[in-house]
Amino acid sequence: MSSTSIEGRLIRVDLGTGAWVVEQADGQRFELHGSVPGALEGKRVRVRGRPSALHSAAMAGAPFDVQSIEPA
Amino acid sequence: MSVPLLLLFGLPAAASDEGLLVVDLIDGTSLAEAQELSGLPLRWANPRSEDESLAVAEVEDLPEQVQRLSAHPQIEAVEASLSYQALGWPDDPLYPSQWNMHTVGAAQGWRMGGGRGVTVAVIDTGVSSVADLQGTLLLDGFSFVPGRASAADDNGHGTHVAGTIAQTTHNGLGAVGLANQARILPLKALAAQGGGQSEWIASAIDEAVDQGADVINLSLGGPRSAVIQVAVDKALARGVLVVAAAGNTGREGVGWPAKADGVIAVSATGPSDTLAPYSSWGEGVELSAPGGDKQQAGGGIVQDTIDAGAEGHAFKELQGTSMASPHVAGAAAVLLGAGAGSAAHTERLLKQGAVDLGEAGPDSRFGHGRLDLAASARILVQQRGLLFLAGSLLAALMVGFGGGSRRLPIAIVAGLSAGGLFFLPLLPLPPSLGLDLLGRPLLAWPTPFVGPRLAANPLWLSALLPALLTFVLGPTRTLGWLAAGLSAGVGAHLIHGAVTGSLAPTWLPASAATAWLGVNGLLCLLFTLAVAGLDRLRRERRS
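As you go down the protein sequences, you meet chains A and B in turn.
Per the working numbering: the first sequence = residues 41 to 112.
Per the working numbering: the second sequence = residues 114 to 656.
Under the rule of at most 20 Å between Cα atoms (straight-line distance), these lysine to aspartate or glutamate pairs were calculated in the EDC-like manner: (1) B:K407 - A:D54; (2) B:K429 - A:D54; (3) B:K464 - B:D476; (4) B:K429 - B:E171; (5) B:K429 - B:D267; (6) B:K347 - B:D323.
If you're looking for bench data, these hints aren't it; they were derived computationally from the structure.
Just need the whole structure built from these sequences, with the hints factored in.
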């Protein structure tokens with residue numbers, strides 16, 4: 041599957057042992073899997089990657105495999 | 114108070130100048146006011162204490178603080194915190210603040226065996242034998258995560274979940290668990306970051322079934338998966354209860370595998386018995402249970418788990434439907450271990466006992482209601498009371514038809530065989546295997562030793578034991594009454610199991626199971642009739 045990108049605010053959610061999510065303006069959340077730079081917490085970010093079929097302990101949103109993250 | 118009464122109602126914790134101070138302020142006092150007037154870092158005793166303005170603080174000079182504050186006009190009462198539990202049971206120091214365990218009535222479950230003999234598979238990030246799981250029966254487990262050979266936890270999620278189910282209890286350390294005597298089967302299907310592929314999870318479910326798990330907990334969620342559904346179907350067909358977290362989106366729409374057919378989907382509640390703000394809800398929610406709400410002070414779920422610090426473990430407050438699901442799995446383990454019988458009957462007890470929240474009746478937020486293990490256990494006790502009565506009456510009837518004597522002792526033995534001393538688990542006594550067994554029907558005796566599956570083998574759930582006793586003891590003058598009573602009691606239980614589906618003999622399909630139980634139950638009653646008839650003939654010959 042080719043990569044795509046999503047944009048939104050990067051949030052550390054306090055669910056289970058915690059998870060990184062990107063929250064879009066309409067409240068839709070993507071749960072990020074992969075390397076996430078904590079310094080961008082709270083900022084608007086653009087995440088390149090692809091939707092994944094991963095199951096997760098945090099269950100915080102649609103799973104998304106991260107290739108890269110940059111400030112939007 | 115006399116010594117025996119003290120023993121029954123509890124012994125105060127050992128006195129020490131250092132400890133927890135409890136301050137009951139005039140209702141309506143805010144926490145800030147309380148802190149200012151006391152000069153102490155007070156916090157509410159638990160999340161529900163704000164209404165009553167009941168606060169606590171750790172202090173180093175308890176007697177002085179009690180004396181200093183007792184005359185304050187804003188304070189109604191002040192004292193050192195005393196542990197008043199039956200015989201100091203349990204003595205885990207965090208138990209008083211584990212609102213979730215009090216809310217679901219954990220103590221009732223401990224008195225009914227705490228899930229002894231039951232195996233709960235925790236399909237998660239793994240389970241590590243942290244300090245407060247040292248006394249818990251942890252099986253070897255298996256990892257389905259490639260490159261990770263051990264089922265030990267490398268995230269902290271699975272160990273916390275396992276703690277809610279079976280944290281070592283009454284060990285003077287940390288927190289308690291619901292089914293403290295259950296065996297935990299750790300199956301690692303989520304990697305260190307908390308994610309896992311559907312095939313890892315499906316394989317873990319298959320492994321759980323192969324290893325004889327009675328309950329499977331899935332505190333995880335993701336996209337719909339055909340292979341997981343197939344694995345779940347196989348587990349359900351083997352009579353395994355599968356419990357899963359509804360999801361943490363805070364929106365309508367239950368996640369997967371919670372939404373898979375036959376899975377008990379669990380939404381999360383907070384300390385105020387409202388739906389937790391993060392909890393998913395919607396069609397498919399079967400039950401709700403405490404998952405915590407950290408927006409309220411002390412409102413999370415506290416259990417022991419791995420930690421990067423020097424001690425290697427820590428008691429952490431987590432929240433999520435991940436924390437709600439193991440409450441239901443643990444409660445199911447307790448009921449199964451108590452001899453509730455079939456998975457279907459256990460699920461019914463969980464739903465019937467649940468506290469109806471939200472709209473009247475089942476709804477999409479709380480399902481059948483918030484888990485209340487104590488209420489579910491009380492329903493089981495009531496059923497046993499009725500079984501006692503039914504066993505006694507049937508025995509009396511059979512003895513009457515057969516013209517036998519000793520109707521009262523036979524009826525009592527029948528009642529005891531069918532329902533046990535059913536009221537014993539309701540007494541506020543510390544848990545013990547002896548009391549637990551005395552409170553059970555005869556057919557539920559093997560469960561703590563061999564587990565619910567083997568205890569439900571068709572030979573045990575049959576007229577075999579009554580037949581043996583009838584042939585050996587039935588013809589004797591001195592012990593015939595024992596065989597007659599036991600046969601009637603077992604017969605009443607088997608017939609009840611056939612009619613209600615509360616018993617499910619292992620390896621038999623449902624239709625054959627009903628016929629098996631019914632026929633064997635009737636045979637048992639015939640044995641009682643036969644012994645009574647023999648007794649009549651013997652007496653006639655004598656006269």
